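Engineer: One line per chain: the protein sequences are W, L and D, in this order. For the first sequence, position 148 (counting from the first letter as 1) is numbered 148 according to my numbering, and the numbering increases by one without interruption. For the second sequence, position 276 (counting from the first letter as 1) is numbered 276 according to my numbering, and the numbering increases by one without interruption. For the third sequence, position 127 (counting from the first letter as 1) is numbered 127 according to my numbering, and the numbering increases by one without interruption.
Since the hints were made in silico from the structure, they are not lab data. This structure is a prediction, so every number in the text was calculated from the model and none was measured. Note that the Cβ used here is the ideal one computed from N, Cα and C, for glycine as well.
So, partial list: chain L residues that the calculated Cβ filter (under 10 angstroms) puts toward chain D: (1) F21; (2) F22; (3) I25; (4) A110; (5) I308.
Each chain, written out:
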Amino acid sequence: MIRLQNIEKVYRTDTVETLAVNGISLDIAKGEFLSIMGPSGCGKSTLLNIMGLLDEPSRGTIRIAGQDVSSFSDQRLARFRNEQLGFIFQSYHLINDLQVLDNVELPLLYRSSSARERRDLAAEALEKVGLSNRLKHFPSQLSGGQRQRVAIARAIVGKPQIILADEPTGNLDSAMGNEIMDILINLNRNDGTTVVMVTHDENMANKTHRLVRLFDGSQVQ
Amino acid sequence: MKVMLRNYFKIAIAVLKRRKFFTFISLFGISFTLTILMVGTAFLDKVISPDYPDYKRERSLYVGSMELQNSKEGWLNRSNVSFYFFDHYVSRLKSVEKIGISSYSKASNAYINNKKIVISYKYTNADYWRVLEYRFLEGKPYAEQQILHAERVAVISKAIKKAYFGDVSSVVGQYISADEVNYRVIGVVDNVAKTMRNFAGDMFLPYTVSKENYKKPDLMGSYSAVLLARSKADVPKMKLEFDQMMKKVPIGNKEFDRLYCNADYFFASMTRGITGDGKDSGITKAVSVLVALVILFLLLPTINLVNINITRIMERSSEIGVRKAFGASSRTLVYQFIVENMILTFLGGLLGLFFSALMIYFFNSWNLMDGVRLSLNFSVLMYSFLACVFFGLISGVYPAWRMSRLNVVKALKAQ
Amino acid sequence: MVKHLFKLIWNKRRHNFLFLSEILVSFLVIFAVFSFLVYYYMNYRKPMGLAYDRVWSVNYNSNQQSKNMDSLVIFYEDLQKALKSMPMVEAVSYTSNNFPYSSGIMTTGLSPAGKKVYNVNNYMVGDDYNKVWKMTLLEGRWFNPEDKVARNKAIIINESLRKEIFGKAPAIGKSVGDYEDKGKLKIIGVVQDFKANGDFWPAGYALFSPLDSGYLKHTNVLLVKVRPEADAGFESSLYKFMASRLKNSSIEIQHLSEMRDAKNEQTIIPMLIFMIIASFLIINVALGLFGVLWYNINQRRGEIGLRRALGASGNSVSGQLISESLILATMSLAVGCFFALQFPIMNVFNVPSIVYVIAIFLSIAFIYVLVFVCALYPGKQAAAIHPAVALHEE
Numbered sequence: 001m002i003r004l005q006n007i008e009k010v011y012r013t014d015t016v017e018t019l020a021v022n023g024i025s026l027d028i029a030k031g032e033f034l035s036i037m038g039p040s041g042c043g044k045s046t047l048l049n050i051m052g053l054l055d056e057p058s059r060g061t062i063r064i065a066g067q068d069v070s071s072f073s074d075q076r077l078a079r080f081r082n083e084q085l086g087f088i089f090q091s092y093h094l095i096n097d098l099q100v101l102d103n104v105e106l107p108l109l110y111r112s113s114s115a116r117e118r119r120d121l122a123a124e125a126l127e128k129v130g131l132s133n134r135l136k137h138f139p140s141q142l143s144g145g146q147r148q149r150v151a152i153a154r155a156i157v158g159k160p161q162i163i164l165a166d167e168p169t170g171n172l173d174s175a176m177g178n179e180i181m182d183i184l185i186n187l188n189r190n191d192g193t194t195v196v197m198v199t200h201d202e203n204m205a206n207k208t209h210r211l212v213r214l215f216d217g218s219q220v221q
Numbered sequence: 001m002k003v004m005l006r007n008y009f010k011i012a013i014a015v016l017k018r019r020k021f022f023t024f025i026s027l028f029g030i031s032f033t034l035t036i037l038m039v040g041t042a043f044l045d046k047v048i049s050p051d052y053p054d055y056k057r058e059r060s061l062y063v064g065s066m067e068l069q070n071s072k073e074g075w076l077n078r079s080n081v082s083f084y085f086f087d088h089y090v091s092r093l094k095s096v097e098k099i100g101i102s103s104y105s106k107a108s109n110a111y112i113n114n115k116k117i118v119i120s121y122k123y124t125n126a127d128y129w130r131v132l133e134y135r136f137l138e139g140k141p142y143a144e145q146q147i148l149h150a151e152r153v154a155v156i157s158k159a160i161k162k163a164y165f166g167d168v169s170s171v172v173g174q175y176i177s178a179d180e181v182n183y184r185v186i187g188v189v190d191n192v193a194k195t196m197r198n199f200a201g202d203m204f205l206p207y208t209v210s211k212e213n214y215k216k217p218d219l220m221g222s223y224s225a226v227l228l229a230r231s232k233a234d235v236p237k238m239k240l241e242f243d244q245m246m247k248k249v250p251i252g253n254k255e256f257d258r259l260y261c262n263a264d265y266f267f268a269s270m271t272r273g274i275t276g277d278g279k280d281s282g283i284t285k286a287v288s289v290l291v292a293l294v295i296l297f298l299l300l301p302t303i304n305l306v307n308i309n310i311t312r313i314m315e316r317s318s319e320i321g322v323r324k325a326f327g328a329s330s331r332t333l334v335y336q337f338i339v340e341n342m343i344l345t346f347l348g349g350l351l352g353l354f355f356s357a358l359m360i361y362f363f364n365s366w367n368l369m370d371g372v373r374l375s376l377n378f379s380v381l382m383y384s385f386l387a388c389v390f391f392g393l394i395s396g397v398y399p400a401w402r403m404s405r406l407n408v409v410k411a412l413k414a415q
Numbered sequence: 001m002v003k004h005l006f007k008l009i010w011n012k013r014r015h016n017f018l019f020l021s022e023i024l025v026s027f028l029v030i031f032a033v034f035s036f037l038v039y040y041y042m043n044y045r046k047p048m049g050l051a052y053d054r055v056w057s058v059n060y061n062s063n064q065q066s067k068n069m070d071s072l073v074i075f076y077e078d079l080q081k082a083l084k085s086m087p088m089v090e091a092v093s094y095t096s097n098n099f100p101y102s103s104g105i106m107t108t109g110l111s112p113a114g115k116k117v118y119n120v121n122n123y124m125v126g127d128d129y130n131k132v133w134k135m136t137l138l139e140g141r142w143f144n145p146e147d148k149v150a151r152n153k154a155i156i157i158n159e160s161l162r163k164e165i166f167g168k169a170p171a172i173g174k175s176v177g178d179y180e181d182k183g184k185l186k187i188i189g190v191v192q193d194f195k196a197n198g199d200f201w202p203a204g205y206a207l208f209s210p211l212d213s214g215y216l217k218h219t220n221v222l223l224v225k226v227r228p229e230a231d232a233g234f235e236s237s238l239y240k241f242m243a244s245r246l247k248n249s250s251i252e253i254q255h256l257s258e259m260r261d262a263k264n265e266q267t268i269i270p271m272l273i274f275m276i277i278a279s280f281l282i283i284n285v286a287l288g289l290f291g292v293l294w295y296n297i298n299q300r301r302g303e304i305g306l307r308r309a310l311g312a313s314g315n316s317v318s319g320q321l322i323s324e325s326l327i328l329a330t331m332s333l334a335v336g337c338f339f340a341l342q343f344p345i346m347n348v349f350n351v352p353s354i355v356y357v358i359a360i361f362l363s364i365a366f367i368y369v370l371v372f373v374c375a376l377y378p379g380k381q382a383a384a385i386h387p388a389v390a391l392h393e394e
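Using the sequences provided together with the hints, build the complete structure.
Structural biologist: If you want it as C-alpha cells, here you go:
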C-alpha cells in the first residue's frame with residue numbers, strides 16, 4: 001500500500017543542518033496495522049508527515065496505492081490526501097467554534113457532495129465511534145477521550161484507505177487510551193483500513209501487527 | 001516604585017519593537033488623528049484668541065446686531081446696529097470707558113492702470129483707534145477734529161497701498177479715489193487677517209463722510225461696536241448696565257413688540273451670529289455641535305485602536321498566562337499594558353505634533369488663507385496633550401479589562 | 001462551503017464584534033461621503049440654464065434719489081436707455097436683490113388649488129432681463145409691457161415649480177393663488193430650470209414677476225451684459241458714468257462669473273476637506289483590518305494546517321479567508337444598510353431618494369473592495385503555511 005524508498009529529510013537553517021530522517025525504506029501492506037516507536041527527536045513524526053504527504057522528503061521516493069506521488073502538484077496532493085488519507089493527532093485539532101457534526105463533516109467539504117450526503121456519512125462515522133448522542137455539542141464540552149473519538153470519526157468519514165495516527169493516546173489516561181486503541185483495531189480488522197501509528201506506549205504498540213523502531217533518523221529493528 | 005516603572009518601560013519598548021507592524025498601525029492611526037485634532041485646535045484658537053488688532057479682549061464686550069420681533073406673528077427683522085443707537089444710548093453708560101464703532105465693510109471699485117481693484121472700506125469713530133491696537137506703518141489715525149469737520153481723510157492697509165500705489169515708500173499725503181471721491185491718505189496700517197472679520201478692511205474713513213445719514217434716529221443700521229471697560233473686573237458691571245438700559249429703549253415701530261440687543265463676550269458674539277438669535281447667545285448649541293463632531297471624528301480611529309490593542313493582547317495571551325502562572329497579579333499586568341499603551345499614545349502624539357507643525361508650516365508659507373497665520377502655541381499644545389491622554393485611556397481601558405480576565409489555564413493552552 | 005463558513009463565523013460572532021463594528025462605522029462614513037458626491041454630481045450634470053458669462057452686476061444706493069415717483073421712473077428709464085446705447089453693452093436690466101449667484105434671498109409661496117407651495121424664489125425682473133440671461137423658455141413667452149398693467153398679475157415659473165403644481169400638464173394660461181391666496185397670478189411662461197446657487201445645488205422653485213415702477217424706489221441692482229471686447233477700461237468708464245449719474249451713491253461692479261466661482265468654492269472646499277479626512281480615516285481602518293486579519297491567521301495556524309491535511313489546497317485556504325472576511329463584511333453591511341435605507345425612505349433633507357440609493361450601492365461596493373484587498377495578502381500568507389509545521393506547533 002505504502003512504499004518508501006531511501007527517504008531522507010534534511011532541515012536547513014542559516015547555521016545548522018539537521019538530518020531528521022536518514023535513508024529509511026519501508027513497505028507497508030494493505031490492511032496492516034503498523035506502529036512506529038522511538039525516543040523524542042528520532043524522526044518518527046517527520047516520517048509520518050512524509051507518509052501523509054504533508055512534507056516533502058529531501059531525497060527518495062514514495063508510492064502510495066501504486067501511484068508515485070513525488071511529482072504531484074499541490075492541488076493533486078490535496079485531493080489525494082482528501083480521498084485516500086485520514087489523520088489523527090495527539091492534540092485532536094478539532095475546530096472549537098464548530099459543533100461535533102460540523103467538525104466531522106469537514107473533509108467532505110473539500111469534495112463535491114450534497115449536504116444530505118455529508119450529514120449521513122458524518123452520522124455514520126460518529127456511530128462507529130459511539131458518539132451518536134453528541135452531535136450538537138462543541139468540543140469544549142467533551143472529555144479528552146470523546147474529542148479523540150470525534151477526531152477519529154472525522155478521519156474515517158471519507159472512507160480513506162489509510163489512517164495515519166500521531167500519538168493518538170498521548171493525551172489520554174490509560175482507560176480512555178485503551179478505548180481508542182480498540183476503535184482503531186476494529187477499524188483495521190473490520191474495514192480493512194491500513195493504519196500507521198506513532199506511539200510512545202509499548203503496550204499499545206504490542207497490540208498491532210508490526211513494530212518499527214527508529215533512532216536518530218534510522219531504522220533499528 | 002521607580003524601579004517598577006522603569007521595568008514597565010523597558011518591557012513596553014521591547015514589546016513594541018517585537019511586533020513592528022502592529023506598532024506601525026497604531027502609531028499611524030494615533031498620529032494622524034492627533035494631527036487633525038491639533039490643526040483643528042490651532043484654527044479654533046486663532047479664531048477665538050485675542051489677535052491683532054483686538055488685544056484688549058478681556059475687558060471688552062461686543063455689540064453686533066439688533067433684532068426686532070413680532071412675537072405674535074413670528075416675524076423678525078435682524079441687522080447691524082445704527083450709529084444713532086451707540087451715540088445716543090450706549091455712550092451714556094457710566095461703566096463704559098470708550099466705544100469703538102465701525103460699520104461693516106462695503107466694497108467699492110477702483111480702476112488703476114487698466115486693472116480693477118476692490119477696496120473694502122469701513123467708517124469708524126475716533127475712539128475706534130484707541131480701543132483697537134492697529135500697527136501704523138506710516139502716519140497716524142484721524143481724531144475728533146477731523147471727524148467734526150468731515151475731512152476726507154483715510155487710513156489704508158498695507159495691501160491696498162501696494163495694489164493702488166505700487167512699490168512706493170511713503171504714501172501719506174497722497175490721494176486715493178473710491179466711489180469717485182478723493183481721500184487723502186493719513187496713515188497706513190498692517191494687514192488684518194481675514195478671520196478677524198469685524199476689524200479687517202482696506203480703507204478706514206471717518207463716519208461723517210459717509211453718504212448715509214448717520215443721524216437718523218433708527219435702531220437698525222450698518223454699525224457694530226466694541227465696548228471697553230476700565231478693567232477686567234468691570235466687564236460684568238458693564239453688561240448689567242447695558243441690559244438694564246435695553247429695557248428702557250423704545251421700539252419705535254408699531255409692527256414689532258420685542259427688541260433684542262446684546263453686549264456679548266467675544267465667543268458669544270461669534271456664536272450668536274451662527275447658532276443663536278436675539279434671546280439666546282447660541283453658545284451651548286455651537287459648543288455641543290463642535291463636541292459632537294469631534295467625538296464622531298474620533299469614533300473610527302478609537303474603534304480601530306481598541307481592535308488592534310485587543311489583537312495585541314490576545315496574541316500574547318500565552319505570555320500573559322505564563323506570567324500569571326508565575327505570580328504576576330492581574331493588576332501588574334494591567335499596569336504593564338497601560339504603560340505600553342501610554343507610551344504608544346505619546347509616541348503617536350509626538351509624531352502628530354511633528355506632522356501638525358509641518359502642515360501648519362506649509363499652510364502659512366503657501367498662504368492658503370489670506371493673511372491667516374496659524375501657530376502651535378501653548379494652549380494648542382495643552383489641548384493636544386489632553387486629547388492624547390484621553391485617547392490613550394479610552395483605547396486602553398477595554399482591552400486592559402479583557403486582558404485581566406484572561407483565564408490562566410486557557411491562556412496557556414492557547415490553541 | 002458557504003454555509004459552513006457562515007456557521008463558523010456565527011459561532012465566533014462575539015470574537016468578531018470589533019471587526020464588525022469597524023466595518024459598520026466605515027460604511028456609514030463612506031455612505032455620507034458618497035451621498036454628498038452623488039448629490040453634487042447629479043446637480044452638476046443638469047444644464048446651467050442661463051448664460052452668466054460677460055454679465056456684470058452694478059450695485060448702487062437707491063435711497064438717495066428724489067422722492068417724486070414720476071420723476072423717479074423717468075430717471076431710471078433714462079439711465080437704462082443711456083447704458084443700452086453704449087457700444088460695449090448688449091443688454092441692460094433692473095433686478096431685485098436676489099438675482100442668480102447673488103447672496104440675496106427673497107422667497108414667497110403660492111396657493112395652487114388647495115395646496116400650498118413654499119420656498120419659491122421670487123425674482124422681480126426688469127424689461128430686458130432675459131436678454132441678459134438668455135434663459136430657455138419651455139412654454140409661453142417672456143414679459144411684455146402690457147403685463148405690468150394686467151388685472152391678474154402675470155408670472156413666469158420654472159420647470160420644477162411647474163412639475164410640483166401641475167405634474168406633467170402644461171402650465172400656460174393657468175392661474176394660481178398668491179401666498180395668502182388673495183390675488184390670482186396668471187402663468188404666461190415656463191423657463192428651463194437654472195442653477196442660481198452655483199453648479200452643485202438644485203434649481204429649486206422660481207417665479208418671475210415684472211418690476212413695476214413702484215418697486216423702482218427700492219431697486220438697487222442693474223444687470224449689464226457686455227460685449228466680448230469689454231475690458232477693465234470700459235468697466236472703469238462705466239463706473240464713472242454710474243457715479244456721475246447717481247450722486248451720493250457708492251457703486252460696486254461685480255462680475256457674475258466671479259460670483260459664481262465664489263459660490264462654487266463654498267461647496268467645493270468643505271467637500272474637499274471632508275474627503276481628505278474621510279480617506280485618512282479609511283486608510284487607518286484598512287491598516288487596522290489588515291493587522292487583525294493577519295493576526296487571525298496566526299491564531300488559526302493549527303486549523304489551517306488541519307484543513308490542508310484534510311485535503312484543502314493552498315488556494316482553497318486563501319479563498320476561505322477572503323470569503324470569511326467578505327461574509328463578515330456582509331453581516332455588517334446588512335446592519336449598515338438598515339440605517340442607511342432610512343434616508344431614501346424618509347427623503348432626509350429633501351434630497352431625491354435616487355441619490356441615497358446610488359450612494360448605498362457605491363458604498364457597499366467600496367467596502368467589499370476594501371475588505372477584499374485587506375484580506376488578499378493575509379490570505380496568501382495562509383496558503384503558505386506549511387501544514388506539517390503548523391500541526392506540530394505546541
